[in-house]
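**Student:** All residue numbers for the sequence shown refer to our numbering, where the first residue is 2 and numbers rise by one.
For the record, the hints were derived by calculation from the structure and aren't laboratory data.
Quantities reported herein were computed from a predicted structural model and do not represent experimental measurements.
C-beta atoms are modelled at their ideal positions from N, C-alpha and C, and glycine is treated no differently.
Check the hints yourself; a few may be wrong.
[Unchecked claim] Capping the alpha-carbon separation at 16 Å, the derived lysine to aspartate or glutamate pairs in EDC-like fashion look like this: (1) K34 - D71; (2) K97 - E30; (3) K28 - D61.
[As the list claims (entries may be wrong)] Label-pair distances were calculated between CB atoms; the ranges are: (4) L99 - G11: 35 to 45 Å; (5) G98 - Q37: 37 to 47 Å; (6) G43 - Q23: 55 to 65 Å; (7) D67 - Q23: 47 to 57 Å.
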Amino acid sequence: MTKSPFGNLGGMMKQAQVLQDQLAKLKDEVASKTVQASAGGGMVEATANGAQEIISIRIDPEVMKDQDIDMLQDLVISATNEALRKSRELMADELKGLTGGMQIPGLF
Numbered sequence: 002m003t004k005s006p007f008g009n010l011g012g013m014m015k016q017a018q019v020l021q022d023q024l025a026k027l028k029d030e031v032a033s034k035t036v037q038a039s040a041g042g043g044m045v046e047a048t049a050n051g052a053q054e055i056i057s058i059r060i061d062p063e064v065m066k067d068q069d070i071d072m073l074q075d076l077v078i079s080a081t082n083e084a085l086r087k088s089r090e091l092m093a094d095e096l097k098g099l100t101g102g103m104q105i106p107g108l109f
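Put together the whole structure using the sequences plus the hints.
**Tutor:** Next up, the structure:
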């Protein structure tokens with residue numbers, strides 16, 4: 002019996018398909034989760050989902066009393082960036098369980 006030069010390519014392809022299906026399911030599950038971040042001592046809060054989308058921004062009306070638009074913009078940017086960072090971290094943590102901690106570049 003001759004051995005195939007491709008080894009167990011069929012088995013590897015099946016494993017790859019299973020992993021791809023699990024990744025798609027995980028992506029959907031994580032997308033429904035949310036993370037929150039705030040700036041300015043809670044004056045601005047941003048909420049992101051696991052798909053790295055900002056889904057809400059809450060601004061405390063007290064921020065507008067001084068009418069400092071520059072400060073408000075900085076707080077919104079800060080809270081938004083932190084929420085997105087937490088969202089990426091959430092996805093990375095969820096992926097660790099699926100990939101056994103192995104980091105796969107460009108996965109998400």
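**Student:** Using the C-beta atoms of G98 and Q37, is the stated range 37 to 47 Å upheld?
**Tutor:** violated (23 Å)
**Student:** Are G43 and Q23 spaced within 55 to 65 Å by their CB atoms?
**Tutor:** About 37 Å separates the Cβ atoms of G43 and Q23, which means 55 to 65 Å is violated.
**Student:** Between the beta carbons of L99 and G11, is the distance compatible with 35 to 45 Å?
**Tutor:** violated (22 Å)
**Student:** Hey, K28 versus D61, does the alpha-carbon distance stay inside 16 Å?
**Tutor:** Violated. K28 to D61 sits at ~32 Å, over the 16 Å cutoff.
**Student:** Just to be careful, I want the Cα atoms of K97 and E30 compared with a cutoff of 16 Å; is the pair within it?
**Tutor:** Roughly 15 Å between the alpha carbons, so the hint for K97 and E30 holds.
**Student:** Between the beta carbons of D67 and Q23, is the distance compatible with 47 to 57 Å?
**Tutor:** holds (50 Å)
**Student:** Under the criterion that the straight-line Cα-Cα distance not exceed 16 Å, is the pair K34, D71 satisfied?
**Tutor:** violated (31 Å)
Of the numbered hints given earlier, the model fails hints 1, 3, 4, 5, 6; all others are met.
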